[in-house]
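*Asks:* The listed protein sequences derive, respectively, from chains A and B.
In terms of the working numbering, the first sequence has 65 at position 65, counting the first letter as 1, and numbering is strictly consecutive.
In terms of the working numbering, the second sequence has 821 at position 821, counting the first letter as 1, and numbering is strictly consecutive.
To be clear, the hints were calculated from the coordinates, so they are not data collected in a lab.
Hints may be right or wrong, so weigh each one.
What the hints assert, rightly or not - Going by beta-carbon spacing under 7 angstroms, a handful of chain A positions derived as facing chain B:
#, residue
1, 1
2, 3
3, 25
4, 27
5, 31
6, 36
7, 39
8, 66
9, 76
10, 81
Unchecked claim - DEER-style ranges, computed between Cβ atoms:
#, chain 1, residue 1, chain 2, residue 2, range
11, B, 772, A, 7, 28 to 38 angstroms
12, A, 45, B, 626, 24 to 34 angstroms
13, A, 36, B, 681, 45 to 55 angstroms
14, B, 6, A, 74, 54 to 64 angstroms
15, A, 19, B, 91, 25 to 35 angstroms
16, A, 36, B, 546, 32 to 42 angstroms
17, A, 36, B, 796, 44 to 54 angstroms
18, A, 22, B, 640, 10 to 20 angstroms
19, A, 36, B, 103, 54 to 64 angstroms
20, B, 498, A, 19, 25 to 35 angstroms
On a predicted model such as this, the values are computed, not experimentally measured, just so you know.
Note that beta-carbon positions come from the ideal geometry of N, C-alpha and C, so glycine has one too.
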Amino acid sequence: MLLIPCPWCGPRDEIEFSYGGEAHIAYPAEPDELSDAQWADFLFMRHNPKGDFSERWYHSSGCRRWFNVIRSTVTHEIRAVYRIGEPPPEAGS
Amino acid sequence: MAPRRLSSGGEVDRDTRLPFRFNGTSYEGFAGDTLASALLANGVDVVASSPIQQRPRGVMTAGIEEPSAFVEITAPTIDVITPATTVELEPGLVAAGRSGIGRLPPNGRPSPRRCEPRNAHVDMLVVGGGIAGLRTAVEAVEAGEDVILVDERSRLGGNPFWSAQESAATERIAKSVARLEESPEAVVLRRATALGLYDDGYVVVHERSLPVERLWHVRARRVVLATGLHERPIPFRDNDRPGVMLASSVVEYLQRFAVLCGQRAVVFTATDSAYAAARALRDAGATVEAIVDVRSDSSAQRGARSDGFNLLSGSTIAGTEGDPSVSAVHVTDGVRRHTFDADLLAVSGGWNPVLQLYRAIGGGLRYDEKSASFAPAGGGPRWLEVQGAAAGEIPSSAPYWFVPDEDLSRHYVDMQRDATVADLIEALGIGFRSAEHVKRYTYIGTAVDQGRTSSVATAEVVNQLLGWDPGAQGPTNSRPPYSPVSFSALAGVATGSLFDPARVTQIHQWHRDHGAVFEDVGQWKRPWYYPHAREDLQAAVKRECLAVRNGAGVMDATTLGKIEVVGPDAPAFLDLMYTNIMSSLRVGSIRYGLMLGLDGMVMDDGVVMRLGEDRFMLTTTTGGAAKVLDHFEEWLQTEWTHLRVYCTSVTEQWTTVAVAGPNARDVVRSLGTDVDLTVEAFPWMTVRAGTVAGVPSRIARVSFSGELAYELNVAGRHGLSLWKAVVEAGRPFDITPYGTETMHVLRAEKGYVIVGQDTDGTVTPHDLGMSWIVSDKKRDFIGRRSLRRPDIRRSERKQLVGLLPHDRDAVVPEGAQIISEDTDALSIPMIGHITSSYRSAILHRSFALALVARGRELYGRTLFASVPGRTFPVTVTEPVFYDPEGARRDG
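Please construct the entire structure, taking both the sequences and the accompanying hints into account.
*Replies:* Below is the structure:
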């Protein structure tokens, strides 16, 4: 079970959180202008890297805030945590 | 077999005699005994029979690695299967041998164990209280750190086989233990097993303390594994016979329990450490017939010879005899064969570091040639380290994996699976090479002992049989829990309502008092129906349905999710969340709304009430309330952060009482209200604030039955009194409480869908025939773009239709498959399925809703609904069965 440093509450057990998938997948400004393939790419396709991955977490049983995490998919180490709207920090910082 | 307890020595308390029963016979042991030591002391050789071949099995080891002597405990506590070597003797213990498969107590008897969880956060957790673990813990305490040290045994100091060989060790151990126990920074847990290591230093520890067992959830900045070594056996013919034991265990029984496991012993070894066992046996008065060493020469051998031992180097065990326990041992040097009369065969094939926990969290292994074993190679998480013998301080040993023989079918590798070297050869013959595959073919390592003595052996026997180098592949991985743990311990206090809390409304006790049968909806308990005397579900629902259609009914609708959405941008936000337009709703009006996922599939539905320019209250399905609130928060927090909108769950703040039926208006009027109830002043799909029965109330004219209906919303605490007032005021109108089953029938008669029953996450509004609710005026809403995807526009998609069974009394089971012809063919395309199916009291017939491919093109056609054993002809209709014009909604 991960120990996730919520930017508002500090480190908490993973069971307090819900996973939100890859971060920085912005909702398209003009969905109508996307082709079916482009829309399907937005809707279904996600990266699956071996290594650092930006992902969203939701402190659903805590402060109920969404935030971003950079986590290594190899070691599960959390490299950085940052709030929604903030740019991702350099990995490892 | 004669008793084996020596007249003096050991750590047992001879003044405290403990009676116990094993396999129906009474015995006596001493305080400080394990069940295994007490059985050995009483001369009980056969503890259990093997699981498949029913071979007699005895005690092989003195610890958790035991592969053989498994027992069931029935008093004073319960344990379905556990090694006798880890059971501490206690007064009144009742146990019986078990052949590899545990049995749950009969009749779901609740466990008598008391178990509770504990949480701890520390700088360091040390697993293993041997010399290395104690040293590490003391150093950390002296550096000012908080430390928890856990050890699975009842005593600290590690394997006494090692500490006994160093005279100063006992004193050093005692000093370290005292240092830890006196320091407030340290917690020492005995009888505590680390079941598993998980991310970020999370360790689950099972402490078998009495009277309360504990499951510790420990977060540690650093975890140190000082888990030591397990001695390994060597497979030879009949190596499972009682009387064959690990050499170090023989010493442990002698030193701790003053139990001499045999009078005439043969020692069989591939390592020097077993020589200490030979000396200990001789010192205790046993005859050591021979030391059989697979190695040709070593300094230990020379020392033993000069000490007068009969040393047979370069030799092996050709087999054992005995009925059932060992009476003779055959030894061969490859040319000549000796037979020794012996009642004990002490074996050591070398030592394996205990690294199951380390590997399961990602630590790597390297083959250590000197000891012919696998040592840590790094690669685990940063917070983890291995110390002491487990880190690689391993006694040297020859790489000797099994005794060659013409017949390998009684060379047992895994006693708990009755798996032999012959079984490994069979697995290789089939083509398996990886130890992981061989494990799955032979089941080696899959028993309760998790292959503690068999997994390295399996890998190395396979390596050797394939002609590979020793260590070419390592042992299989083993997953948590490290040793079996009871469900009682895992559950702790979280049982019954503390495990799965029930949510009940303010009116719940009234429902119970009036005979309601409840159904679970999410975590809610909802009245399903209210049977009168001798009524079954069908009769009660018929009565309740007719009451609503012809008179008046009342339902507790509190569990419907309620969310307040407030803020200047609330109208714009709701326009994005629902398929239809909510911003145009006038204050005091209500609109039904459908919510989609991004993929265009129906996610939830409910009504939206506009309470003010910037204030809405909306309802969700009972089971969907939390999901909808989370959905709103996700979009507000992650995407449309500029919108000034606040969402609050108010489900439990309001009690909702629905009064429905042609007489509903008269009932509400009789309650006493200052709200003008006339159709003109209070039309359908509007909401009014006022007083009802003396209580401030919000009244909504919404209907899920098609009848005139008022939903009375009052503060939760007024819920029960309002309900009682409604029942009282409704008495002249024969008002009838109705439950969810009646609600379902009434809504289905009107063709109203239930999200999650008539939909399943693959259904669009168009599939439901609800294109009317999908706005084409809005620039966007969640799911809009997906509705244009090619797959969504396929004409052969399943569509919601009504079905009328030709047999008017036949209620087709929900989930029945729809086929287009009645045939005995084995294969026929399934073109749909039934989602809702009931008997309608008002229509005097059965009916159903179904999703059928191209369903709306099939009105009037006959299809067939099929369940195993029966096929129902049905006619396809529009999915509205009653009052299609909506004439009844105003009463």
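*Asks:* Confirm or reject each hint.
*Replies:* Hints versus structure:
no., hint, in the structure
1, 1, "holds, 5 angstroms"
2, 3, "holds, 4 angstroms"
3, 25, "violated, 10 angstroms"
4, 27, "holds, 5 angstroms"
5, 31, "holds, 4 angstroms"
6, 36, "holds, 6 angstroms"
7, 39, "holds, 5 angstroms"
8, 66, "holds, 4 angstroms"
9, 76, "holds, 5 angstroms"
10, 81, "violated, 13 angstroms"
11, 772(B) to 7(A): 28 to 38 angstroms, "violated, 44 angstroms"
12, 45(A) to 626(B): 24 to 34 angstroms, "holds, 28 angstroms"
13, 36(A) to 681(B): 45 to 55 angstroms, "holds, 50 angstroms"
14, 6(B) to 74(A): 54 to 64 angstroms, "holds, 55 angstroms"
15, 19(A) to 91(B): 25 to 35 angstroms, "violated, 51 angstroms"
16, 36(A) to 546(B): 32 to 42 angstroms, "violated, 51 angstroms"
17, 36(A) to 796(B): 44 to 54 angstroms, "violated, 19 angstroms"
18, 22(A) to 640(B): 10 to 20 angstroms, "holds, 19 angstroms"
19, 36(A) to 103(B): 54 to 64 angstroms, "holds, 58 angstroms"
20, 498(B) to 19(A): 25 to 35 angstroms, "holds, 26 angstroms"
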